[in-house]
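Undergrad: Each chain, written out:
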Amino acid sequence: MQKNINIIFLSTAFDIDSLNMLSSFNPKIYKIPSGEINNFQYLAP
Amino acid sequence: MNKDDITILHCNTAYPTPISDVNPKAMLTIKKEFNVSVGYSDHTLGIEIPIAAVALGAKVIEKAHYT
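Protein chains in written order, with our numbering: chain A, 1 to 45; chain B, 1 to 67.
So here's chain B without its partners, still in its complex pose:
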């Protein structure tokens, strides 16, 4: 397996995540430090954050659902 096969997802471990704890730029730090594709594992209640993550270059989005 090589680096091109790996995508690292940034995630915030508070579930559900309050918006005040969200920092999608941390995903960009991961990208810069590891030089891999990045994604975002989103546990906020809306869809705005995954949209922002894609705009910032996320190749993968994981969206958790809470009933």
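Bound conformation, chain A alone:
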């Protein structure tokens, strides 16, 4: 018996290299760490 659970995976990247790697998985959603909310280089892509 199979059950479908509607949960989306997410992961947080803490630097731009990690963000690029994470992007390669085409996530449906990005989590931005609070320390990076003013980091335009991080947010721009």
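Among the clues, some could well be false.
Mimicking DSSO-like on lysine-lysine, the simulated pairs with C-alpha atoms at most 30 Å apart in a straight line are [unchecked claim]:
#1 K3(B) with K32(B)
#2 K59(B) with K3(B)
#3 K3(A) with K63(B)
#4 K3(B) with K25(B)
#5 K31(B) with K3(B)
#6 K32(B) with K63(B)
#7 K28(A) with K3(B)
#8 K3(A) with K31(A)
#9 K28(A) with K59(B)
#10 K25(B) with K63(B)
#11 K63(B) with K31(B)
#12 K31(B) with K31(A)
#13 K59(B) with K3(A)
#14 K31(A) with K32(B)
#15 K25(B) with K31(A)
#16 K28(A) with K32(B)
#17 K32(B) with K3(A)
#18 K63(B) with K31(A)
#19 K25(B) with K28(A)
#20 K28(A) with K31(B)
#21 K63(B) with K28(A)
#22 K3(B) with K63(B)
#23 K31(A) with K3(B)
No lab work stands behind these hints, which were simulated from the structure alone. Please read these numbers as outputs of a predicted model, since none were measured by experiment.
Starting from the known structure of chain A, fit chain B onto it as the hints suggest.
TA: Here is chain B on its own, set in the frame of chain A:
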């Protein structure tokens, strides 16, 4: 990007978080002030707080794990 694409997560910065420091109603204040979806980034040791956060309307739960 518009407001509908953003969810703000409430978090307590003590890791792991003692239960006495937890206030999921702060998540509701964020919701009211910014008029966005909210979630809860949980760093307590159990699962009761994320359950309470969902009951209060959290759309996203982040659960940190400590070994």
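Undergrad: Please go over all the hints and tell whether each is borne out by the structure.
TA: Outcome of the hint check:
no.: 1; hint: K3(B) with K32(B); verdict: 13 Å, holds
no.: 2; hint: K59(B) with K3(B); verdict: 14 Å, holds
no.: 3; hint: K3(A) with K63(B); verdict: 22 Å, holds
no.: 4; hint: K3(B) with K25(B); verdict: 21 Å, holds
no.: 5; hint: K31(B) with K3(B); verdict: 12 Å, holds
no.: 6; hint: K32(B) with K63(B); verdict: 23 Å, holds
no.: 7; hint: K28(A) with K3(B); verdict: 16 Å, holds
no.: 8; hint: K3(A) with K31(A); verdict: 27 Å, holds
no.: 9; hint: K28(A) with K59(B); verdict: 15 Å, holds
no.: 10; hint: K25(B) with K63(B); verdict: 18 Å, holds
no.: 11; hint: K63(B) with K31(B); verdict: 20 Å, holds
no.: 12; hint: K31(B) with K31(A); verdict: 17 Å, holds
no.: 13; hint: K59(B) with K3(A); verdict: 21 Å, holds
no.: 14; hint: K31(A) with K32(B); verdict: 21 Å, holds
no.: 15; hint: K25(B) with K31(A); verdict: 22 Å, holds
no.: 16; hint: K28(A) with K32(B); verdict: 25 Å, holds
no.: 17; hint: K32(B) with K3(A); verdict: 35 Å, violated
no.: 18; hint: K63(B) with K31(A); verdict: 13 Å, holds
no.: 19; hint: K25(B) with K28(A); verdict: 28 Å, holds
no.: 20; hint: K28(A) with K31(B); verdict: 22 Å, holds
no.: 21; hint: K63(B) with K28(A); verdict: 18 Å, holds
no.: 22; hint: K3(B) with K63(B); verdict: 24 Å, holds
no.: 23; hint: K31(A) with K3(B); verdict: 15 Å, holds
Of the numbered hints given earlier, the model fails hint 17 alone.
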